[in-house]
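Participant: For reference, the chains in residue letters:
2 protein chains.
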Amino acid sequence: MDTYIEPRVLKGFRDFLPAAEIARRTLIERIETSFRSYGFLPIDTPALEYAEILLGKGGGETEKQIYRFNDNGGRDVALRFDLTVPFARFVAEHRTELPLPFKRYHIAKVWRGENTQRGRYREFTQCDFDIVGSDSAAADFEILLMMRNTFQAIGAGEVTIHVNHRGLFNRFLTMLGAEVQSVEILRTVDKLGKIGRDATLAQLAALLNDDKAACILGFIEARGGFEETLACITELAGGDCPESERLRQVYCFMLDTGSAASFILDPSITRGLDYYTGVVYETFLNELPDIGSVCSGGRYDNLAALYSKERVSGVGSSIGLDRLIAALETLGTLDNNNAYARLGIACIKGENAGHYQALATRFRDAGIPCEVFLEGIKLTKQFMLAEKKGIKWLLIPADDAGIAFSLRNIEKRETIDRCSSIEEAITMILG
Amino acid sequence: MDTYIEPRVLKGFRDFLPAAEIARRTLIERIETSFRSYGFLPIDTPALEYAEILLGKGGGETEKQIYRFNDNGGRDVALRFDLTVPFARFVAEHRTELPLPFKRYHIAKVWRGENTQRGRYREFTQCDFDIVGSDSAAADFEILLMMRNTFQAIGAGEVTIHVNHRGLFNRFLTMLGAEVQSVEILRTVDKLGKIGRDATLAQLAALLNDDKAACILGFIEARGGFEETLACITELAGGDCPESERLRQVYCFMLDTGSAASFILDPSITRGLDYYTGVVYETFLNELPDIGSVCSGGRYDNLAALYSKERVSGVGSSIGLDRLIAALETLGTLDNNNAYARLGIACIKGENAGHYQALATRFRDAGIPCEVFLEGIKLTKQFMLAEKKGIKWLLIPADDAGIAFSLRNIEKRETIDRCSSIEEAITMILG
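Protein chains in written order, with the working numbering: chain X, 164 to 594; chain F, 164 to 594.
Extracted from the complex, chain X is given alone in its bound form:
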């Protein structure tokens, strides 16, 4: 008796069947087209790196989730768990080869042994983009503008990007005499949206005191137009300073590009992670705000501090592709073609496969992807197969070489008998 190995994938891992893979590809291709139109360049790095490189000075949660092992040469290695750390290593290693400012994107898989019960995957795709080697407000703004325009270009509709400045928040904490607890305060404030106002206030009061907690909440809840909010938090932070000037300049750029309606100044945005030092932001889809931020990031002072004494500052952002795909599915704007072929050539006699291919070449040369059917099964079954495959048109040869043929519109279930020429068929299919 034969025994079979049960075909299955690991928990938290997925196969992508054609329909899902085409949707993913189409989305990635649109994102890339947008990034490339800004002159951003692709890079790639290894999936596997020295664990020391990826973990740096140790990483708490990360360390527990990482896929880490000894390779056959006894090296302590790990699968990358994000694209930021490999990029930091990349910049430190190749600094002299990169013309600065360097604008790059990287769309690739990363791996984390996370708890899959939260609906998370252990293998997922990240999409990172950064400008390194520029301290300018122009760089901050370019990332923001590209985010906004990219989401429009991929069919996600209008977005609202919540912007803030970590440095201004830190100035405010110093004014308040709370700079020592700044990391904990940032972490608490970052959860405002999740845990609500009262819980945040209580946690802050436990860290500091009631007055200071109320004061912090006053800061992060400041709301109004961009300029109004900016004036308010600038005052709370002790008056005009380079950080408020940076926000003012970015706001001017928004006005100059006619994009200001897509941005709000939101002092509650701090990004819990502590490597951000400047402008920070989160992106919400106007039609689906509840799914949370689909694209977040900010400015950092020194990307490659672990690997090099050369300071490399920059600003960057990351799109969570899986969440975005789910959102586009909900919005009904995800490309749901399950085929590239627009035309099929029906198989009447198996021995004519050469002629069918010659015929198909004519359509392919005219830019029409064309699938030749391989099995001489009943024509009605070929209609059904075309439908299942998502192919809209089927050419039915009437003689060996397919010089005479009819054309069936699979969707409308109509057959045009006697199509007079390939040119006519091409026009009909493209039309």
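Hints in this document: simulated from the structure, not taken from any laboratory.
Check each hint, because a few of them may be wrong.
No distinction is drawn between identical chains; accordingly, a pair holds when it is met within one copy or between any pair of copies.
Calculated lysine-lysine pairs in the BS3-like style (CA-CA distance at most 27 Å, straight line) [claimed, not checked]:
#1 K174 / K472
#2 K541 / K555
#3 K174 / K227
#4 K174 / K272
#5 K375 / K227
#6 K551 / K357
#7 K541 / K552
#8 K552 / K472
#9 K227 / K272
#10 K354 / K227
#11 K551 / K472
#12 K272 / K541
#13 K541 / K174
#14 K512 / K575
#15 K544 / K472
#16 K575 / K541
#17 K375 / K357
#18 K272 / K551
Please arrange chain F on chain X, whose structure you already have, making use of the hints.
Facilitator: Relative to the frame of chain X, chain F by itself:
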């Protein structure tokens, strides 16, 4: 004193800087466009799988090279070392969801801890394409035709595809009374090109005897036109049979599509691996035959035998992307753009970044990828930066909003003063 972690990648692993990554992407995009024009669909599978799935009934060399470890949940897992085994598992698992015949491609990274001294990488990209669920000669031929046309489409020039039939060779061995040693004979014959005629003859004689060795060499060295060779080896294999009929039919399809000049019947092609059962082939670039086969494959009787009792036959092929890239580099037909941006907007004043972005948007909307320069450095330095980045044109704003501007052709080192309108600039850049 600070200590830094040395930024480095593992032996056999590589970073792809923008120029190399753009070349790789452009090539992959061209290959995909060709595959899609035949109606082939993309799939993806996890990088990490159960080791049991990937190794099947144990795999000698493979087992030594594979990246295998226990994950945090104690599972015995491994990184995929090819795309064939995951595809077999995929087909067994999703058979009922796939309309057969199923035509798929998969371009993705695989990992092998190989000896890097042979110039091999431990992380490399494979490009596989298969038709499963069809026993027809039409499927065999479609793979062959798509291979030929894809190589033409990507700038690799004309190819010669060496075709043979494993079943016909087996018939011949049975006639010779040598079927018991067929696996060893196939492995020996497969090395003919590498070890030469005499060494092959000696190894065969050691396996069998001098007469039989000479007879096998007579078979594999049969040369002539397709039909002539087919007649010769058919006779040596005992006369007309389904296998010779299959080759004859595939040859007819070559004639019917006008592609016969790209194919030769080469009885020495056997593909050492023992899972092929039908037509087998290897592909050589006419301009660089010495680099060996750039695309090989064949027909198999049962892809998913390890995982399911359902038989799934098919025919498929694989392109070694790294070798192909090296070949295209040698031929000088590899895309060597190191930029997507065709136009840069020079930065005259940092505070005008918003206007520069608004200007850039006009060009992007016209289909011209456009990079906004971020730092107000000296103009000559911006010329040099544009050159380094591979950007052909630079727009130099003459006022704050860039309503008046001049346009510099970076390649020709010529500046067109006073470009009268954006439309004129677009025409010039696209022209």
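Participant: Hint by hint, say whether it matches the structure.
Facilitator: Structure-based check of each hint:
no. : hint        : in the structure
1   : K174 / K472 : between (41 Å within a copy, 24 Å between copies)
2   : K541 / K555 : within (18 Å within a copy, 57 Å between copies)
3   : K174 / K227 : both (17 Å within a copy, 26 Å between copies)
4   : K174 / K272 : both (16 Å within a copy, 21 Å between copies)
5   : K375 / K227 : neither (35 Å within a copy, 62 Å between copies)
6   : K551 / K357 : neither (43 Å within a copy, 47 Å between copies)
7   : K541 / K552 : within (17 Å within a copy, 58 Å between copies)
8   : K552 / K472 : between (56 Å within a copy, 26 Å between copies)
9   : K227 / K272 : both (19 Å within a copy, 25 Å between copies)
10  : K354 / K227 : within (22 Å within a copy, 48 Å between copies)
11  : K551 / K472 : between (59 Å within a copy, 25 Å between copies)
12  : K272 / K541 : neither (43 Å within a copy, 40 Å between copies)
13  : K541 / K174 : neither (41 Å within a copy, 56 Å between copies)
14  : K512 / K575 : within (26 Å within a copy, 59 Å between copies)
15  : K544 / K472 : between (68 Å within a copy, 26 Å between copies)
16  : K575 / K541 : within (20 Å within a copy, 63 Å between copies)
17  : K375 / K357 : within (21 Å within a copy, 79 Å between copies)
18  : K272 / K551 : neither (30 Å within a copy, 30 Å between copies)
The structure fails hints 5, 6, 12, 13, 18 (numbered hints given earlier, in ascending order).
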